[in-house]
Amino acid sequence: MFTLDAIVKQPTMSMYDSIDDSVLNDYANYSLAQLLYYALKESAASEQSSRMTAMDSASKNAGEMIDKLTMSFNRTRQSVITRELIEIISGAACV
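Using the UniProt record's numbering, the letters of the sequence shown map in sequence onto residues 1 to 95.
Where hints are given, some of them may not hold.
Estimated spans, in silico, between C-beta atoms of each pair [unchecked claim]:
(1) 79 with 52: 37 to 45 Å
(2) 35 with 59: 32 to 40 Å
(3) 48 with 21: 36 to 44 Å
(4) 79 with 42: 31 to 39 Å
None of these hints come from the bench; they were simulated from the model.
Ideal placement from N, C-alpha and C gives every residue a C-beta, glycine not left out.
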């Protein structure tokens, strides 16, 4: 943020014949408002980006957890089927 004196002393400002103090004051106020607006928009974009990253990570973790639970369920089911087959075969062998 530049002060009014710094703005007036800029070499590009000398090309204008005369600049009212009210115009410079309005320009300084506009520059401040623009800077604050930019900072707020940058903050909102950063927050949105962080949320998207967090949700992406949560989705990946949930997918991995589902895969692990599915594998555990399938192994348990296969174990039960194998045990029942062994019991059937053992019972048939005894007869």
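Outcome of the hint check:
no.	hint	result
1	79 with 52: 37 to 45 Å	41 Å, holds
2	35 with 59: 32 to 40 Å	36 Å, holds
3	48 with 21: 36 to 44 Å	41 Å, holds
4	79 with 42: 31 to 39 Å	56 Å, violated
When the structure is compared with the earlier hints, a violation turns up for hint 4 alone.
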